[in-house]
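Sequences listed follow chains A and B, in order.
Quick note: the first sequence uses the numbering used here, first residue 1, plus one each step.
Quick note: the second sequence uses the numbering used here, first residue 104, plus one each step.
Here are the computed lysine-lysine pairs in the BS3-like style, where the Cα-Cα straight-line distance is at most 30 Å: (1) K35/A / K233/B; (2) K19/A / K82/A; (3) K162/B / K6/A.
If you anchor each label on the Cβ, the simulated ranges turn out as follows: (4) P231/B / Q45/A: 16 to 24 Å; (5) A41/A / D291/B: 39 to 47 Å; (6) E136/B / G13/A: 22 to 30 Å; (7) Q45/A / S307/B: 40 to 48 Å; (8) E264/B / Q45/A: 51 to 59 Å.
Treat the hints as calculated values from the structure; they're not laboratory data.
A virtual CB, placed ideally from N, CA and C, is assigned to each residue, including glycine.
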Amino acid sequence: MADPMKIRAAMAGDKVEVKVLMAHEMETGQRKDSKGAVIPAWFIQTVTATVNGKTVLSAEWGPAVSKNPFLSFRCAGKPGDKVTITWVDNHGDKRTDEAVVAG
Amino acid sequence: MRPNRTIAAALLLAAGLGAGSPGAQEKSKAIQEIEKYRAALGDDNPAELWESRGEDLWKAKRGPKNASLEACDLGLGPGVVKGAYTVLPKYFEDSGKVEDLESRLVTCMVTLQGFTPEQAKKDPFGGPGKKVPMDALVAYVAAQSRGMKMNVAGTHPKEVEAYEMGRKIFFYHGGPHDFACETCHGADDKRIRLQDLPNLTKTSDAQRAYTTWPAYRVSQGEVRSMQWRLNDCFRQQRFPELEFASPASIALTMFLAKNANGGVMNAPAIKR
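Please build the complete structure, drawing on both the sequences and the hints.
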């Protein structure tokens, strides 16, 4: 089971600014371990963000994204809205976390 | 969506421990640019993931005694985490030893949680695909001293002894390259590759360096502790391995920590 994400959501002007830190290895599949064996690819493939259940962002990610990725975006919303972020990796492992938009 | 660390990592050239005193204007400009890069990263330091995992571990009942670390005395009394990092290393009556954060955590894992010392010291540093409790606990405890001034006493005879021993180690030349810590960290404007190295014999540099460890190393994707930093410095000098939480490692930490007194903690920091 993956570690929880860190999600911060706060108003920035009339928009909601969401900042997400995800804990993930993001292995490219290009690296080798100390014995020379290829480390299998393992990375987040899709990221979805919803505000009060409505999808506001959906992204397809690949192996070029860094380890422990950081994602920041702005969208419409208001204080008290519920932001939900979900990622799914190429192992089919997924993680969903929530945050409430601060005033 | 703002591409942040992902792309910026490629731009990362030389984020050192701290800058020396740059002579040429060009160099100081490069350092300013690196500072800007670091400031941009500061907002999304993945060390936070370690901090929150560390907090959970601090409160979790673990080990043969099924106890948490919440009663652990880190130097300011049992259970006091806030500001504890600023007074370490310190002499502890109960163990009769000078201990830094990592060795103190080992002591608490043994006395409170019932681990054997071997178990508590088994995995001091994380690596690819290997998350260890020590890194997370260190990140959590250090973070609770953010914004506070380093304030190592160093007055107890054992603490004085450790400081003197640390000073000797710092200036001790040895190994196949006849190296000492001082070789790289005893003068201004030294560097490894493009990485500026702090002159640890100078207060301002010593403070700047010490207060930014532990740190998240972008190139390694790990939070690295002071014990790791020293261990790797020894490897780079081609010295025998610095044993985790050994008296020598604690003495050297004592020397560096006390020299950084007055510096404001800003760790876990983020480094290239």
